Amino acid sequence: MSLGDSATPLGRARGLGSAHHGGEHWLTERVTSIALLLLGVWLIASLLLLPQLDQRTVLEWLRAPSAAIPMALLIVIGFKHALDGMKVVIDDYVHGPGNNFALNTLMLFLAVGAGALALFALARIAFGTVA
Amino acid sequence: MNNTSSRPLSPHLTVWRWGPHMVVSILHRATGVALSFAGLGILTWWLWALANGADSYAAFGKAAAHPLGLIVLIGLTWSFFQHLLSGIRHLVMDTGQGFELGVNKTMAILTIVGSLLLTALVWFYLLGGVK
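As they're listed, the protein sequences go chains H and G. Position one of the first sequence corresponds to residue 112 (my numbering), numbered consecutively onward. Position one of the second sequence corresponds to residue 13 (my numbering), numbered consecutively onward.
Same shape as in the complex, but just chain G (with noise of 0.2 Å):
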């Protein structure tokens, strides 16, 4: 990038001082790549799997189950819900509400908070032994 210019900067992250709303904004980015990638490609092995019989879901059970394979799987679960509440957030900002700074910081937080509490209780229920 040619930086010798005075002309300003667009937002840029080694330009910008991080805060809660700069975390979040290029979480949801870097959340939505992941889903795009890892957790449509496995919802897509999931389903092939489930269609091409007990050996092929076998396989795919013991890949989930893998120590590797469950932290793939509850980042994703974490990259869902940070992207959903970071987007709930998206659209409220669209509507031009949200912007002050303290009210901003705020929602900020809040998606990156509810983001771990939601992740945490889905799996505390799948490998709590709930089930």
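Here chain H stands alone, though its shape is the one from the complex (with noise of 0.2 Å):
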């Protein structure tokens, strides 16, 4: 990053530029990346490990707050991530700012809405409301 001769002491310290942001979403990516490895390799083996994937032995092991954690962060982080690689490929290839700022805006609401769908559900399975 550069900035001119004509940036004060101060901004020069801060390094931000005229956009005053910028490096957390690049940097949140990387972080959240590295929880999913963790998470996802943790679903994958957890269900390779239980016994039976039918209902009961499923819900059996979700319950318990050793697997519903996990599964809360995955649904949280994952949604999260999801949402900053989109904003990437959106504002890779759609480059007028309505469209840009209306697709973005979309993907905002499909990952909340359905991020509060899975939570929702987990909840009802965590707190024994499942038949």
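Keep in mind that the hints were calculated from the coordinates and are not lab data. Incorrect hints may appear among the rest.
Stated by the list, open to error - To list a few chain G residues with every Cβ distance to chain H over 12 Å, as calculated:
(1) 18
(2) 29
(3) 32
(4) 79
(5) 110
(6) 114
To be verified - Straight-line C-alpha distance at most 20 Å; calculated SDA-like pairs for lysine to any residue:
(7) 198/H <-> 45/G
(8) 191/H <-> 18/G
(9) 198/H <-> 41/G
(10) 198/H <-> 57/G
(11) 191/H <-> 74/G
(12) 74/G <-> 166/H
(13) 191/H <-> 170/H
(14) 74/G <-> 170/H
(15) 74/G <-> 217/H
(16) 198/H <-> 136/H
(17) 198/H <-> 49/G
(18) 191/H <-> 103/G
(19) 198/H <-> 142/H
(20) 74/G <-> 198/H
(21) 191/H <-> 45/G
(22) 198/H <-> 42/G
(23) 191/H <-> 57/G
(24) 191/H <-> 100/G
Unchecked claim - Okay, the calculated beta carbon distance ranges per label pair:
(25) 146/H <-> 19/G: 33 to 41 Å
(26) 118/G <-> 125/H: 36 to 44 Å
(27) 111/G <-> 164/H: 26 to 34 Å
(28) 160/H <-> 19/G: 28 to 36 Å
(29) 74/G <-> 180/H: 15 to 23 Å
(30) 176/H <-> 38/G: 20 to 28 Å
(31) 124/H <-> 19/G: 16 to 24 Å
(32) 109/G <-> 176/H: 33 to 41 Å
(33) 171/H <-> 111/G: 47 to 55 Å
(34) 183/H <-> 80/G: 14 to 22 Å
(35) 181/H <-> 122/G: 26 to 34 Å
Treat the numbers as computed from the prediction; the structure is a model and nothing was measured. Glycine included, each C-beta is placed from N, C-alpha and C at the ideal position.
The task is to assemble the complex, starting from two chains supplied on their own in separate frames and drawing on the hints.
Rendered as structure tokens:
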């Protein structure tokens, strides 16, 4: 990043440039990816280790905090990472400011909406209101 | 796209010669999109079906066991491993390493070999009578 000679000493120290942001999205994508590496492998390994994948067995496994908590993390971090990734794709291919904003907003609504569905279903399972 | 100017072109599928690193790069994006929509969509459907009673879970199970459903699930398993291994490669490259042509090409090929191998292991275990 190069700030011109006109930058104030404070501005140069902050090193943010005129947009005042930009690093967070990139860094968040990487940090969530490391979390998802662990959570994704956890999900696949857990499903493989279950004796069967019928409803009773899966519910019994997922009801326990040892599975419900990582699943909640997987849902929240997974949708966040998907949203951040889709933003990169959309920003690369959709250049018109109106269409870009509309698509990114649609993705936000989809991610938050589907994430809420998944969390609500998990809550019903974990808090024992499923027969 | 306006190609009449003599300015350099940015990376683009129709401009760059295909090679392992490029295949892996575009696969990272494609598998990311697949996991965002189909992957998280099916995870949400699965949780919703689990929470919603026997009929709902049976409907999910029927769709999952259908040949088309199996193709989608196997495809998503491969997408997950490809995105995971390719993501690790990107994390390595984020530290400034692995840009030498030979190393870069080898890492790219290894992500494909690894993802196919892991997918085969998981589904051999699930379908191959181990369960």
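Hint check:
1. 18: The claim holds: residue 18/G sits with its nearest Cβ about 21 Å from chain H, beyond 12 Å.
2. 29: 20 Å, holds
3. 32: 21 Å, holds
4. 79: 18 Å, holds
5. 110: Label holds. Min Cβ-Cβ 16 Å, cutoff 12 Å.
6. 114: 25 Å, holds
7. 198/H <-> 45/G: 11 Å, holds
8. 191/H <-> 18/G: 40 Å, violated
9. 198/H <-> 41/G: Distance of about 12 Å is within 20 Å: holds.
10. 198/H <-> 57/G: 24 Å, violated
11. 191/H <-> 74/G: 30 Å, violated
12. 74/G <-> 166/H: Judged against 20 Å, a Cα distance of about 13 Å means the pair holds.
13. 191/H <-> 170/H: 25 Å, violated
14. 74/G <-> 170/H: OK: residue 74/G and residue 170/H at ~18 Å, within 20 Å.
15. 74/G <-> 217/H: 31 Å, violated
16. 198/H <-> 136/H: Within the cut-off at roughly 10 Å; holds.
17. 198/H <-> 49/G: Holds - the C-alpha atoms of residue 49/G and residue 198/H are around 14 Å apart, at most 20 Å.
18. 191/H <-> 103/G: With Cα atoms ~18 Å apart, residue 191/H and residue 103/G stay inside 20 Å; holds.
19. 198/H <-> 142/H: 16 Å, holds
20. 74/G <-> 198/H: 34 Å, violated
21. 191/H <-> 45/G: 13 Å, holds
22. 198/H <-> 42/G: Roughly 14 Å between the alpha carbons, so the hint for residue 198/H and residue 42/G holds.
23. 191/H <-> 57/G: 18 Å, holds
24. 191/H <-> 100/G: 19 Å, holds
25. 146/H <-> 19/G: 33 to 41 Å: Holds, at about 40 Å.
26. 118/G <-> 125/H: 36 to 44 Å: 40 Å Cβ-Cβ, so the 36 to 44 Å window holds.
27. 111/G <-> 164/H: 26 to 34 Å: With a Cβ separation near 43 Å, residue 111/G and residue 164/H fall outside 26 to 34 Å, so the hint is violated.
28. 160/H <-> 19/G: 28 to 36 Å: 55 Å, violated
29. 74/G <-> 180/H: 15 to 23 Å: Hint violated: Cβ distance 30 Å, outside 15 to 23 Å.
30. 176/H <-> 38/G: 20 to 28 Å: Hint violated: Cβ distance 40 Å, outside 20 to 28 Å.
31. 124/H <-> 19/G: 16 to 24 Å: Between residue 124/H and residue 19/G, where Cβ atoms are some 35 Å apart, the hint is violated.
32. 109/G <-> 176/H: 33 to 41 Å: Holds - the Cβ-Cβ distance for residue 109/G and residue 176/H, about 39 Å, lies within 33 to 41 Å.
33. 171/H <-> 111/G: 47 to 55 Å: 49 Å, holds
34. 183/H <-> 80/G: 14 to 22 Å: 30 Å, violated
35. 181/H <-> 122/G: 26 to 34 Å: Between residue 181/H and residue 122/G, where Cβ atoms are some 28 Å apart, the hint holds.
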